[in-house]
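Dock chain one against chain two, each of which comes alone in its own frame, and use the hints as you go.
Now for the letters of each chain:
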Amino acid sequence: MSDRERMQAARKQGKPCVTICGGSGCRANRGLEVAEAFRNILKKKLLGEEVDVRITGCQGFCAQGPLVVLLPMDTLYVSVTPEDVEEIVTTSIEGDSIVERLTYQLPGTKKRIFRESDMPFYANQHRLIIAKNRQMDPHSIDDYIAVGGYGSLVKAITIMEPDEIIDWVEKSGLRGRGGAGFPTGRKWRACRQAKGYPKYVLCNGDEGDPGAFMDCSIMEGNPHSVLEGMAIGAYAIGSNHGYIYVRYEYPLAVENLRIAINQAQEYGLLGDNILGTDFSFNIRISRGAGAFVCGESTALMASIEGFSGEPRAKHIHTSEKGLFGLPTNLNNVETWVNVPVIIDKGWQWFANIGSENSKGTKVFSLVGKVKNTGLVEVPMGTALRQIIYDIGGGVAGNRRFKAVQTGGPSGGCLPTNELDLPVDFDRLTEAGSMMGSGGMIVMDDRTCMVEVARYFTKFLTRESCGKCTACREGLLRMDELLEKITCGRGCAEDVGLLEEVGVYVQTNSICGLGKTAANPTLSTLKYFKDEYIAHVVSRRCPAGICSQLTTFSIDGAKCKACGKCIKSCPVEAVTGGKKVAHIISQDKCIKCGACREVCPFDAVVTM
Amino acid sequence: MGLVKTIIDVKEIEVERDRWALDVAREMGIYIPTLCHHPALQPYGACRLCVVEVTKGKGTWLATSCDLPIREGLSIRTNTPEVIKSRKMTIELLWARAPAAECIQRLAKELGVEKPRFSLRDDLGRCILCGLCVRVCNELIGVSALSFTMRGVERKVKTPFDRASDICIGCNACVAVCPTGHVVSVDKGAVRDIETWKTKLEMVRCEVCGRAYMPVKELEYLQAKLGEQTFLEKVCPMCRKSQTVACLEDVTANKEDIECAVSEYRGMKN
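Sequence lines, in order, name chains Z and V. For the first sequence, this note's numbering assigns the number 1 to the initial residue and increments by one for each residue that follows. For the second sequence, this note's numbering assigns the number 1 to the initial residue and increments by one for each residue that follows.
One thing to keep in mind: the hints can contain errors.
In the PhoX-like style, the derived pairs of lysine-lysine whose C-alpha atoms are separated by at most 25 Å in a straight line are [unchecked claim]:
| hint | chain 1 | residue 1 | chain 2 | residue 2 |
| --- | --- | --- | --- | --- |
| 1 | Z | Lys515 | V | Lys85 |
| 2 | Z | Lys560 | Z | Lys591 |
| 3 | Z | Lys515 | V | Lys56 |
| 4 | V | Lys156 | Z | Lys321 |
| 5 | Z | Lys564 | Z | Lys591 |
| 6 | V | Lys56 | Z | Lys314 |
| 7 | Z | Lys171 | Z | Lys345 |
| 8 | V | Lys241 | Z | Lys195 |
| 9 | Z | Lys515 | V | Lys156 |
| 10 | Z | Lys526 | V | Lys85 |
| 11 | Z | Lys484 | V | Lys115 |
| 12 | Z | Lys591 | Z | Lys458 |
| 13 | Z | Lys321 | V | Lys158 |
| 14 | V | Lys225 | V | Lys200 |
| 15 | V | Lys158 | V | Lys198 |
| 16 | V | Lys88 | Z | Lys515 |
| 17 | Z | Lys314 | V | Lys85 |
| 18 | V | Lys5 | Z | Lys314 |
| 19 | V | Lys5 | V | Lys56 |
| 20 | Z | Lys458 | V | Lys156 |
| 21 | V | Lys58 | Z | Lys314 |
| 22 | Z | Lys321 | Z | Lys515 |
| 23 | V | Lys158 | V | Lys115 |
| 24 | Z | Lys591 | Z | Lys567 |
| 25 | Z | Lys567 | Z | Lys526 |
| 26 | Z | Lys515 | V | Lys200 |
| 27 | Z | Lys195 | V | Lys115 |
| 28 | Z | Lys171 | V | Lys88 |
| 29 | Z | Lys484 | V | Lys88 |
Examples of chain V residues lying across from chain Z (beta carbon under 10 Å, computed) [to be verified]:
| hint | residue |
| --- | --- |
| 30 | Tyr31 |
| 31 | Leu35 |
| 32 | Pro69 |
| 33 | Arg151 |
| 34 | Val153 |
| 35 | Leu222 |
Calculated from the structure, these hints are not laboratory results. By construction, the Cβ of each residue, glycine as well, lies at the ideal position given by its N, Cα and C atoms.
Here chain V stands alone, though its shape is the one from the complex (with noise of 0.2 Å):
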């Protein structure tokens, strides 16, 4: 695309156009907290935290770092009084918001917020709203049971109708993302039960150990995405290293004895 200059705290330096100045800032060591923001998925701008001054000609103005692409004559602050103040103000909604979600006291306290001037509420468990279960549920995982209901302050993440998702397939990726623990998944026995969903799946048991490890959905899921001969075999991931173990250690450090026995064990699986 092309390398294009810019500043960075006073830093100048040339980039490829278009990259999220988020990456940039911390490739080169910067410090610039997130809340909504992942890697593996696409730049939201929701949390406000990542915010920066970014001035071009004469006009300076707070932009969140996670969306902004470097362009030709972006000139960026990351740590400015006024980025300072934004962040904290951002912190204390956010904590005043879920009180319960602990994360956010500790990153409140990290950027200088005592405690929230606003009252707490209590209603809305430790949800703030970055979306990032919704998100990863949509673009990664590609399933979309959740989404944004409502509006403004009304705002929640739901299945539809607020009742059991009958496409979730239970593979726990929106436990895994949530930054505060709001979305809480349980195995009890053969069922997964994600309560924050209301959504109970049953699980495949091990055909070794007879463990639970696995909804029937999400192995159903991947077998579609996959192809038909990806789980054959329903063996928990704790008895498959045992086995893959055990085939090696029928095996001396010699080279073409090893790759003998992954071919036959590899074979096994044709």
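Extracted from the complex, chain Z is given alone in its bound form (with noise of 0.2 Å):
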């Protein structure tokens, strides 16, 4: 049998099989056990050879995981757990109807869907880069190549120019999609031009905000498609060695691509004169070091040539002077696979896609207080809420939306009246937030804004390189004011003093980390300024989250002596009994607000 034969073969029209998310999510709740599982099951019934069964990438609906799709139907299962998987066999794969248990409930209805495609979390969605993932088992390069994969390298070193690929990237409008958002092609040309040989690629997968996993998610399922980005850019630029700078903390990545990397260059995809022609492109991953800082473009660069990860002043571009001083080109995960459907589908189809400045889609990690967490994509220029509430399904046990976190430490929080916003480079951070690379976190009344600035702010005070004044100092300062008003000793001057440091930083950081660092607290200065001063005037937390501004309490005339409270204390606070109000013991709270989680009547009140 040729290759062709033997993958077509593999890959049979209407062949059974059973796909098995092995995204983060679905792994952590047992997804490997599910598919050992149907693996054994199948073969005890003798179905081991008629049954494919193929873990894939992450599939987007963590909030739903383990997910499970049977092929040809097209049937998915939610929250499959190991013990379920009999059941489906003999119902769904030996028989040919559903289990309706393990299918998914439209949220207030009685209604069962089980098509991905009528799901509103699926359907609102436009999954240019990230259905794929579905469709594959990412340690299968034939996988790959079976949807399409590696046809717009071949387009491109075959058929186009190079100076014609960077113009097709250019009209296409591909902004980079690490959260800086500068036009790639405009990126791609300077370094074309650049003088100094060789030049190099990198990938920039680092991913260091916390909560986003969009790349984690490319990386992990569908690496081959970055290896192709890349090729095909490196073939445009006229370089011949790239990197991929993969965060110490994505073995799993690593390895999918390090596998892949080997399938490539096994099939003459990657490496020298690949396809038979002069281009030669090679890969290496070089993997940090549990930095954050690593991310950003000169500090990742120096990482790579042995260096402790410390950004420099970017008077001189690195598509001019970058890794080991030459010209370097650097693109984000999710940049680098647009490439391929830019090649493919054409720069006009791809630039129909999204808003006027932001063309194309973005791919969003959505989690927090909503109910349908996980990872999606829609065009550039949709509103947030129509991902949070269309695609998310509203906030998380129907509570009061409050805000919106965009883009990470580097991002803001949006209130309520902006939720109308569209979603793309420019609106956001002409609003005081930024897009970021796309991690965005819903929250609720039951958060506290300024708790939220000094989450992040402390965060950014331990990942800071600390090479100048303004991120270390500033950011240091930043972090004692927040702990100041959330702990209840802060006053009026605190808050201004706050401000004030915080657009000196902005101002004053040689790098990105420095220059978005106080956005968290100058967002939510800007947007919940009587937070602040309800911490520092009334000496009230209104969230009910900081602890030495919040007392507990229950409210007699709701509390219905259920007892779920009593249970819930961790310091046996709370005393009553049936029919008698609930009380808490001010001596004993520690101001947990478990109590206020688990009470079904809205009857534990903070003041």
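Quick look at the structure:
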């Protein structure tokens, strides 16, 4: 059998296949055990040859994992446990009906949905990039090729000219997906025109934002798409060497990329004389060592060179002098994987998606107090409201929406009346936040915005490289002030000083980390000033989070004496019996808020 | 490299492309304070005191002038309210970090800061993390006995594992460049004690007067660099001067005699 025949036989149209999501969330929920159970039971039933079992990359609906999809029927089962597998095999593989209890139930209704395309979570997305995850085993280059992979690389290096490729990327309007949003084509052109050899093509897989896992899912779930994008870029720029910098905490991504690189080399799609042409391109993987600052371009390059991750002033761009002092083009993972799509479908097609100045789609990690947490992809320009409510299903527990934090530690918080803002590079920045690399954290009324500012600021004091006075000393003092305020020792002057230092850090830092570090603080000061004032003037935390500024008590009128709070209290501070309103002892209460979380009647109030 | 036109404080001038803005401004007589800058070292851009307002095209932003290369189309203002405000905050933060550093306080008062609005730290000595000690040891001396360790607010200059350095040559360059006097080195008899780096070095004694005048390691380092013939006589600078004077005293105002005596003196060394 030829290679082509072998590949085609392996993916015969209509052949039954069970796909299990192998993304981090589903894995943590015993997803691999589910896969193992399928293999065992199918083997036991002598169906091992007839039915494929495929572990895929992240399929996005993390709140409902582990996700199992049966093909070719395209039936989606959610929250599958290993104990459910026998029933699925009997009912849906041997038989042809559906296990109702394992299908998705539309909230607030009795309606059961078993097609991904019928689910609001998926239907409202435009999954240009991440849809492919579901179709492939990331360890299989054949799977990638079967869904059209490497077709763009072939087209690029056999039919197109380097300048033409750069032209397409420019016209497509693609902008960097790592946070800064710099026009990709323009960056490529600058590097192509720079003097020096060798030139380097780098992939930024550091993804340091807490809660972000977009790049993680792409590197783990579709590693070949990263290689293909980089190869096309290298060909266009005139580079023969690439590095993928992966944060230390992503060992699965490193492994899957390594396997992919070896497979691509074996197939002549990477390495020397790709597809028999003059073009050679070799990729190496460089691992980070636990520093958020190494996501910054010059710090990343210093790290690859073997130095501490310390940024430098970018008066001379890295496209001119970057890695080892040579012309370098660095792009984020998500930026790279958009390239094969542009080459395949054409720049006009791509430019038709998105808003005026932000083309294409963006992958977001939608997390926090939202019902449908997971990985979502929408066209640029989609309103925040649509993402959080139509896709996200609204606030978890049906509580009141308070704010959405976008852009990780470099971003800011936006309140309710900004929910209609379209999400793209420019609109969120104008409002005082930024889209960033795609982190989106939904916050409800039980979130203290001052505490949010403190959380991100503290994170940044630890991650700052410490080189420049502005970032190092400025963030230290901002953290001090935020501690004071959240512990009830702050005064009005502190709030003013906090803002002053924040603006200073913004304008005086060397690098992007420092320049955006004040965003969480400044955006919460802008939209939630009343909370800061409550903390320093009335010495109250309106959200009931800051323990020194909160007392928990039970509203006798609402209390139904169900006893849930008594059970939840870790320090036995709640007393009461049947039909007797419960009482919290202020001496014992440690302000953890557990009672408030479990009370079904909203009887626990904070003051 | 070619000349480019630039405007500094409204004045249009032509300078060689890629010259550092700080140097050009200072040559024009403009005052720009610095702490981490040293003419003998590569610019580092860490202290942020030398910030200026830069305009290129439609954008204006603050940038350190010490590492800003002058290029076509750049326009610079060194004294705007934004610049002054920034410099004041920088020095205020450094004051709060190292209150024992008197020079910082003096500079602060010069820049118009009366007192810091932040709590004073007393655990960092006078170090402002300008990096001059690290850089001089690395770039100029070539020994690299010092390095930055840790990250962010934990960042400190240390020898490896904060122990006595076994490669330090005791040249005291780090002492000479430290702007705040944080780096301290004391000669105690025939031992140089660089207290800040917990490093003690044995010193060479002068063959003439017996005074300890140079660390043995420094002498060996220089010999290795400059050739075996250097320092054949271990004579301290004071005695060497006396020797030279004694040599010349025997000579009249005659030029030929002086030349003869000098070459004779040089001959003594070979």
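Here is how each hint holds up against the structure:
Proximity of Z/Lys515 to V/Lys85 is assessed by CA-CA distance (about 17 Å); at most 25 Å being required, the pair is judged to hold. Restraint check for Z/Lys560 and Z/Lys591: satisfied, since their Cα atoms lie roughly 21 Å apart, inside the 25 Å limit. Distance restraint check for Z/Lys515 and V/Lys56: the Cα-Cα separation of roughly 19 Å lies within the 25 Å cut-off, and the hinted pair is therefore satisfied. For the suggested pair V/Lys156 and Z/Lys321, the alpha carbons sit about 29 Å apart, so the restraint of at most 25 Å is broken.
About 16 Å separates the Cα atoms of Z/Lys564 and Z/Lys591, which keeps this hinted pair within 25 Å; it holds. Restraint check: the Cα-Cα separation between V/Lys56 and Z/Lys314 comes to about 14 Å, which is no more than 25 Å; the hinted pair holds. The straight-line distance between the Cα atoms of Z/Lys171 and Z/Lys345 is roughly 13 Å, inside the 25 Å bound, and the hint therefore holds. Taking the CA atoms of V/Lys241 and Z/Lys195, the gap is near 53 Å; set against the 25 Å cutoff, the hint is violated.
For a cut-off of 25 Å, the pair hint linking Z/Lys515 to V/Lys156 stands: about 23 Å separates their Cα positions. Restraint check for Z/Lys526 and V/Lys85: the C-alpha separation of about 22 Å stays at or below 25 Å, so the hint holds. With a C-alpha separation of about 20 Å, the suggested pair Z/Lys484 and V/Lys115 falls inside the 25 Å cut-off, and the hint holds. With a C-alpha separation of about 22 Å, the suggested pairing of Z/Lys591 with Z/Lys458 holds against the 25 Å cut-off.
Taking the CA atoms of Z/Lys321 and V/Lys158, the gap is about 30 Å. The hint is violated against a cut of 25 Å. Distance restraint check for V/Lys225 and V/Lys200: the Cα-Cα separation of roughly 22 Å lies within the 25 Å cut-off, and the hinted pair is therefore satisfied. The suggested pairing of V/Lys158 with V/Lys198 holds, with an alpha-carbon distance near 10 Å, which does not exceed 25 Å. Of the pairs offered as hints, the one joining V/Lys88 and Z/Lys515 holds, with about 18 Å between alpha carbons and a cut-off of 25 Å not exceeded.
At roughly 23 Å between alpha-carbon atoms, Z/Lys314 and V/Lys85 fall within 25 Å of each other, so this suggested pair holds. Between V/Lys5 and Z/Lys314, the direct Cα distance comes to roughly 21 Å. Compliance with the 25 Å bound is thereby established for this hinted pair. Taken as a hint, the V/Lys5 and V/Lys56 pair is honoured in the structure, with Cα atoms around 12 Å apart against an allowance of 25 Å. Taking the CA atoms of Z/Lys458 and V/Lys156, the gap is near 19 Å; set against the 25 Å cutoff, the hint holds.
Annotation: proposed proximity of V/Lys58 to Z/Lys314 holds, straight-line Cα distance about 18 Å (limit 25 Å). With a C-alpha separation of about 22 Å, the suggested pairing of Z/Lys321 with Z/Lys515 holds against the 25 Å cut-off. At most 25 Å may separate the alpha-carbon atoms for a hinted pair to count; V/Lys158 and V/Lys115 exceed this at roughly 30 Å. For the hint linking Z/Lys591 to Z/Lys567, the alpha-carbon distance of about 15 Å falls within 25 Å, and the restraint holds.
For the hint linking Z/Lys567 to Z/Lys526, the alpha-carbon distance of about 40 Å lies beyond 25 Å, and the restraint is violated. Distance hint between Z/Lys515 and V/Lys200 is unfulfilled; the C-alpha atoms sit about 42 Å from each other, more than 25 Å. For the given pair, Z/Lys195 sits about 50 Å from V/Lys115 by alpha-carbon distance, which is inconsistent with the 25 Å threshold. For the suggested pair Z/Lys171 and V/Lys88, the alpha carbons sit about 45 Å apart, so the restraint of at most 25 Å is broken.
Straight-line distance between C-alpha atoms of Z/Lys484 and V/Lys88 comes to about 24 Å, which keeps the hinted pair within the 25 Å bound. Annotation: V/Tyr31 was flagged as interfacial toward chain Z, and the flag is violated, the nearest CB pair being 19 Å apart, outside 10 Å. The beta carbon of V/Leu35 is positioned within 10 Å of a beta carbon in chain Z (closest approach about 9 Å), and the interface hint is therefore held. For V/Pro69, the suggested interface contact is upheld, since its CB lies about 6 Å from the closest CB of chain Z, less than 10 Å.
Checking V/Arg151 against chain Z by beta carbon gives a least distance of about 6 Å; that is within 10 Å, so the hint holds. Hint on V/Val153 holds. Least Cβ distance to chain Z is approximately 5 Å, under the 10 Å limit. Proximity of V/Leu222 to chain Z is violated relative to the hint, the smallest CB-CB distance being about 28 Å (cut-off 10 Å).
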